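Q: Sequence:
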Amino acid sequence: MGREATASNSLGIGQISLNAGWYGEVTAGGFVGRRLERLSDYQMLNGCLAEVQARDVGELWLLCDAQSRLSERVALAESVRRRP
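Per the working numbering, residue 298 is the first one in the sequence shown, and the count goes up by one each step.
It is possible that some hints are incorrect.
Here are the computed distance ranges between Cβ atoms for each label pair [as the list claims (entries may be wrong)]:
no., residue 1, residue 2, range
1, R331, E375, 17 to 23 Å
2, R379, G326, 36 to 42 Å
3, S314, N343, 16 to 22 Å
4, S314, A347, 16 to 22 Å
5, E348, R370, 17 to 23 Å
6, R331, S376, 22 to 28 Å
7, V377, E334, 16 to 22 Å
8, Q350, R378, 29 to 35 Å
9, G327, L367, 19 to 25 Å
10, S314, A372, 34 to 40 Å
11, A374, Q312, 30 to 36 Å
12, Y320, R352, 16 to 22 Å
None of these hints come from the bench; they were simulated from the model. Note that the structure is predicted; figures quoted are calculated from it, not measured. C-beta: ideal position from N, C-alpha, C; glycine also.
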């Protein structure tokens, strides 16, 4: 697992790079990760989040990774659901 997350400046306020599909930001209260792409209504209905919050970079990376995996599986379920 390659965890890549770096603060963009020495103050700790700014952007961070996360795993594919996510944009991260360092805030005064911790870290926020936001998806780059919109979720389907089905994904949101089944627990996928567009934004996650964490206290440190490692936690943020794990939450984004978990949400990415969940959204992939829910999208697969959505495609199976559409089959006749």
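Q: Taking 29 to 35 Å as the stated bounds, is the beta-carbon spacing between Q350 and R378 within them?
A: Since Q350 and R378 have Cβ atoms about 30 Å apart, the given range 29 to 35 Å holds.
Q: Kindly confirm whether 16 to 22 Å is satisfied by the beta carbon distance between S314 and N343.
A: violated, 28 Å
Q: Okay, A374 versus Q312 on CB: inside 30 to 36 Å?
A: holds, 33 Å
Q: Could you say whether the range 17 to 23 Å given as a hint is met by the Cβ separation of R331 and E375?
A: Holds: the Cβ-Cβ distance is about 22 Å, inside 17 to 23 Å.
Q: Check the following: the C-beta atoms of E348 and R370 are separated by a distance inside 17 to 23 Å.
A: Once the Cβ atoms are compared, 19 Å apart, the range 17 to 23 Å for R370 and E348 holds.
Q: Honestly, do G327 and L367 meet the 19 to 25 Å range at C-beta?
A: The hint (19 to 25 Å, Cβ to Cβ) holds, given that G327 and L367 are roughly 21 Å apart.
Q: Take the C-beta atom of R379 and the C-beta atom of G326, compute their distance, and say whether it sits inside 36 to 42 Å.
A: Holds, since R379 and G326 (Cβ atoms, about 40 Å apart) stay within the stated range.
Q: Taking 16 to 22 Å as the hint, is the beta-carbon distance of Y320 and R352 inside that range?
A: Since Y320 and R352 have Cβ atoms about 18 Å apart, the given range 16 to 22 Å holds.
Q: If you check the beta carbons of R331 and S376, does the distance land in 22 to 28 Å?
A: At roughly 25 Å between Cβ atoms, S376 and R331 fall inside 22 to 28 Å, so the hint holds.
Q: Does the hinted range 16 to 22 Å hold for V377 and E334 at CB?
A: Between V377 and E334, where Cβ atoms are some 21 Å apart, the hint holds.
Q: Given the hint of 34 to 40 Å, check if S314 and A372 actually sit that far apart at their C-beta atoms.
A: Roughly 24 Å apart at Cβ, these two residues miss the hinted range, so it is violated.
Q: Does the hinted range 16 to 22 Å hold for S314 and A347 at CB?
A: holds, 19 Å
In this structure, the hints that do not hold are numbers 3 and 10, in rising order.
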